[in-house]
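Take these sequences, add in the hints, and give me the full structure.
Number of protein chains: 2
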Amino acid sequence: MNAEIISVGTELLLGEILNTDAQFLARRLSETGIDVYYQTVVGDNRQRLSESVRCALERADIVIASGGLGPTPDDLTKEVLSECMGEELVMHEESLEEIKGYFRAIGHEMAENNKKQAMMPKNAIILKNNNGTAPGAIIEKNGKIVIMLPGPPNELEPMFNESVLPYLKSKSEYILYSRVLQIFGMGEAMVASKLEDMMNEYENPTVAPYAKTAGVRLRITAKCKSEEEGIRLTEPVEKKIKEILGDVVYGYGDETIQEALVRLLAEKGLTISAAESCTGGCFAGMITDVAGASGVLNESVVTYANSAKMKYLGVREDTLARFGAVSEQTAKEMAEGIRKAARADIGIGITGIAGPGGASADKPVGLVYIGAASKSGTTVKRITLKGNREKIRHQACVYALDAARRAVLDMAQTDC
Amino acid sequence: MNAEIISVGTELLLGEILNTDAQFLARRLSETGIDVYYQTVVGDNRQRLSESVRCALERADIVIASGGLGPTPDDLTKEVLSECMGEELVMHEESLEEIKGYFRAIGHEMAENNKKQAMMPKNAIILKNNNGTAPGAIIEKNGKIVIMLPGPPNELEPMFNESVLPYLKSKSEYILYSRVLQIFGMGEAMVASKLEDMMNEYENPTVAPYAKTAGVRLRITAKCKSEEEGIRLTEPVEKKIKEILGDVVYGYGDETIQEALVRLLAEKGLTISAAESCTGGCFAGMITDVAGASGVLNESVVTYANSAKMKYLGVREDTLARFGAVSEQTAKEMAEGIRKAARADIGIGITGIAGPGGASADKPVGLVYIGAASKSGTTVKRITLKGNREKIRHQACVYALDAARRAVLDMAQTDC
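The listed protein sequences correspond, in order, to chains X and F. Taking our numbering, the leading residue of the first sequence gets 1, the next gets one more, and so forth. Taking our numbering, the leading residue of the second sequence gets 1, the next gets one more, and so forth.
In case anyone wonders, no lab produced these hints; they're calculated from the structure. Honestly, I wouldn't trust all of these hints.
Identical chains share a label here; the pair holds if one copy fits it or two copies do between them.
[Said to hold, decoys possible] With a cut-off of at most 25 Å between alpha-carbon atoms, the simulated DSS-like pairs for lysine-lysine come out as follows:
id: 1; residue 1: Lys225; residue 2: Lys169
id: 2; residue 1: Lys381; residue 2: Lys311
id: 3; residue 1: Lys194; residue 2: Lys225
id: 4; residue 1: Lys242; residue 2: Lys223
id: 5; residue 1: Lys194; residue 2: Lys375
id: 6; residue 1: Lys242; residue 2: Lys169
id: 7; residue 1: Lys375; residue 2: Lys311
id: 8; residue 1: Lys115; residue 2: Lys100
id: 9; residue 1: Lys128; residue 2: Lys144
id: 10; residue 1: Lys225; residue 2: Lys144
id: 11; residue 1: Lys340; residue 2: Lys311
id: 12; residue 1: Lys212; residue 2: Lys391
id: 13; residue 1: Lys115; residue 2: Lys128
id: 14; residue 1: Lys100; residue 2: Lys122
id: 15; residue 1: Lys386; residue 2: Lys100
id: 16; residue 1: Lys212; residue 2: Lys115
Listed below in C-alpha cells is the structure:
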C-alpha cells in the first residue's frame, strides 16, 4: 500500500508555519510499512485543492489530508474530498453533541458556525477528536481510502495514533513491528561498520541506523503477523546489538538523552547539579524540561564571568590565570565545585567557546571542556564542535548529558 | 508571477527531517510578492521527480527545487530539471575550482565523485555556494524560470538571500519593500482593533499583523520602484503605529525579544541576572544564545528546591511557608535576592508550575509569577499560561524577557 499526504492551508504556502504534520504522518506511515511517494501542500482554494486530491487519488491507494476542518467558510477539506469521493455531507448528531460538550467543558457558548464541523461524509468512519472540535473521517470506496484529519498537531497526532493507526494496521495482512535504540557517542558510520554483517544478512528483522542532529537512531523492524511475533523476532537482535555496541546505547523509542539521564538518576536516587559557562543555562534547561526533574535537580548555576566561577564554585584564581577559563583544569574545578556547593551526587562543569567571538590561536570556536564529578572521581572530556553558536551550545549540552549518564553508570559499577 | 516549490529527498518522505527549506522559501517568496500555490515533496526517484517538475512547469512561472545536488548517484535534481528544460549538462570549470578550493580549505582530499557537482546546465546562471560544495543554478527558457538550490539550510538560505532574491527582484517591474515590527504584550486581535482604520484604508503601504507562538509580527509592505521609495512610504506609517501601540513594540525585522533585550542592556551598560525555578535555566539559556551576552550576564542561578532559594537568594523560610514557593512574595524575594547576590542592575525571579504535576486547587498548572527588580523598585507579574510543560516554560521565559525589557525602560525613564 502507498499513501500520499496533502497538507491544506494558506498559512503553509505563506511560510508562516512549519509543516510538522507532514513529518509526523510521513514517519508514522513509514514505520507502519506504508510507502509515501509524494507530499503536497495546497492552500484554502477549492479548485486547486480538488485538483490535488484527484491527482493523488490516481497515483496512491490512500490519501491523507490534514487541515481545513475548521468552522469558517475557507475550511474546505471535507466538502472537496467528499465531492471527489462522491459522498454527500450530512449532519452527524453524535459529533454535534461532542462539539457542544467541548464548549460546555471550557465554559464557552458554541457559535452557530461550529455546527458545520459536525457535517460529515455520509458513509464514513467518524474519528472522535478528544482535543478539539473538528472530528476526522475515513472514506473507503472503490479501492481507495481517503482520511481527513484536523490541522493542529495536538489534535492530529493523538487522532492518528488512537484511530488511524489501528485502522491502517487492520487493512494489512502483516504489521511492521519496530524497536528503536538511541545511541550517543558513536558515529553513524562506525555503528554501521560494527553491525555490518547484521545489516547485510538479516532479512527479518532488518537493522538500519539513522543519523540525528546529535547521536544515532537504530531501528530494528520485523514484518510479522502480531505484536507478540514482533517481540519474539526483535528481542534477540536487540540483545546482540547491545552486546556489540555496549554503553553507547542510552535509551529506547523516542526517549531523549535528557529523559534517559533523569530516568537513570531517579532510579538510583541520585541528584545532579551543573556549573555552566558557554552553555549559559541550556544544560539545566534541558534537564528541567523533563517532567519530574525536580526530583533529581535542586539547583544549578550559570557562571559566565570568572568572578562567578570563583564565588559559586571556588575555582582558584590561579587556575584561571594559568590555564584560562576554557581549560581542562577549570572544567574540573567547576564540576567539583558545584558538586560540593550543591551537595549533589553528580557535578557537571561546562566551559568552552561558543563563538562567534572569543577564540584565540590555540583555543578555536567550538572548543569545549566538560567535567563530570562524582564520588568515583572526576573526568574531563575535551571536544571540538562545528557549526554556529546555537549548534555548538546545543551539542555541548548533549555531550554533557552523556558525560553525566556515564558518571552515573560508573558510580553504579563502583558500588558493585 | 507565481512559483512552485519542489523539495527533493527521500528523507523528507520518510519523515526523518522537517521541511524547513520549504518554509524558508515560502516566506521569502511571499515577502517578495510572488504567490506560491503548491509545494511538493518528492523522493530521489527519476520518474516521479520528472513528473512533478513537468506538472509544476505547466502551472507555475517559476519552479524552485531544493535538494538532490549532492555527489552520489541518487542525487538527480540537476539531471532531471535540465532534461525537463532541454538543457545539457557540461563541466563548469569555475565551479570545479571552487569545489577543489573548498576541500583544500578544510584539509581534505576531493573525492572523484565530487566532480559531478560541477556539471552544470549549459545555458544557466551559476550560483556560487559559499557554505558547501554544490553550486546552484538558474535556467531561464521559454518564459519559465527553474531554480536549483542545495538542500542543507545553511547552504540554501544564504544562496537564496545573496543570489536568488536579487535575481527575482530584477525580474519584477516593482519591488515589495517590507518593514516588520515585533510586538509583545498585546494580542493579535487587540493590535488589529487598534490599527483597524489603517488596515482597512491604507492601500500602499499595507499593514498586516501575524500571530507568532509568543507575540505578534506586524508587517508594513509598500509596493514601489526602489528601496528609497519604500523607505519614504513606510517610515511615516511605522512612526504612527509606534505612537498608537506604545512600548509593546520591542524590535524590528527578525529580531527576537532576547536579542532586543541584550541590545538594550548593552546600549545602557547594564547587567542582568536571574533566579529560575520552573524555567530551570531556559531563561538564562535564551539570553546567552545571543552573541555578546557575556557583556550583560555574569551569572545566573537555577533554584529549583526551596533550600536553594534560601541559600542563593536569601528568600525567607517564613515567606515560603506562608505563601508557598509559587507566590508573588517568593517571586519578589527571588528577583531582589539575585539582584543583590549577583550585583546586577536587573534581577529576575521566575517561579511557577510547569506541570504536569505540582498543581493544587488554587494554584493550577501554568500559573507563573515573574519578579523584576531594579534600582527603580520591584514589580511582580502573575500570568496563567496554557499548553504542555514545554510550552508553558517557553512562554514563561518570553514573559520574563519582556519584564526585563520593561524594567530597563523604566530605569531609563527614572534617570531622566
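Hint check results:
For the homomeric pair Lys225 and Lys169, the shortest alpha-carbon distance inside one copy (10 Å) is at most 25 Å, but the shortest distance between copies (57 Å) is not. Taking the closest pair of Cα atoms, Lys381 and Lys311 come within 25 Å of each other only inside a single copy of the chain (24 Å); across copies the shortest separation is 30 Å, beyond that limit. In this assembly of identical chains, the alpha carbons of Lys194 and Lys225 never lie at most 25 Å apart, being 30 Å within a copy and 61 Å across copies at closest. Taking the closest pair of Cα atoms, Lys242 and Lys223 come within 25 Å of each other only inside a single copy of the chain (21 Å); across copies the shortest separation is 62 Å, beyond that limit.
In the homo-oligomer, the alpha carbons of Lys194 and Lys375 never lie at most 25 Å apart, since the shortest distance is 33 Å inside one protomer and 61 Å across protomers. Neither within a single protomer nor between protomers do Lys242 and Lys169 lie at most 25 Å apart by alpha-carbon distance, with minima of 29 Å and 56 Å respectively. Both within a single protomer and between protomers do Lys375 and Lys311 lie at most 25 Å apart by alpha-carbon distance, with minima of 23 Å and 23 Å respectively. In this assembly of identical chains, Lys115 and Lys100 lie within 25 Å of each other by CA distance solely inside one copy; the values are 9 Å within and 64 Å between copies.
In the homo-oligomer, the alpha carbons of Lys128 and Lys144 lie at most 25 Å apart inside one protomer (22 Å), although the nearest pairing across protomers, at 46 Å, exceeds that limit. With identical chains, the CA atoms of Lys225 and Lys144 are at most 25 Å apart within one copy only, with a shortest distance of 23 Å there and 51 Å across copies. Within a single copy, Lys340 and Lys311 get their C-alpha atoms as close as 13 Å, and across copies as close as 14 Å, so both meet the 25 Å cut-off. In the homo-oligomer, the alpha carbons of Lys212 and Lys391 lie at most 25 Å apart both inside one protomer (13 Å) and across protomers (23 Å), since each shortest distance falls under that limit.
In the homo-oligomer, the alpha carbons of Lys115 and Lys128 lie at most 25 Å apart inside one protomer (15 Å), although the nearest pairing across protomers, at 55 Å, exceeds that limit. For the homomeric pair Lys100 and Lys122, the shortest alpha-carbon distance inside one copy (21 Å) is at most 25 Å, but the shortest distance between copies (63 Å) is not. In this assembly of identical chains, the alpha carbons of Lys386 and Lys100 lie at most 25 Å apart only when taken from different copies (21 Å versus 53 Å within one copy). Taking identical chains as interchangeable, the C-alpha atoms of Lys212 and Lys115 are never at most 25 Å apart, the minima being 44 Å within one chain and 28 Å between chains.
Comparing the model with each earlier hint shows violations of hints 3, 5, 6, 16; every other hint is respected.
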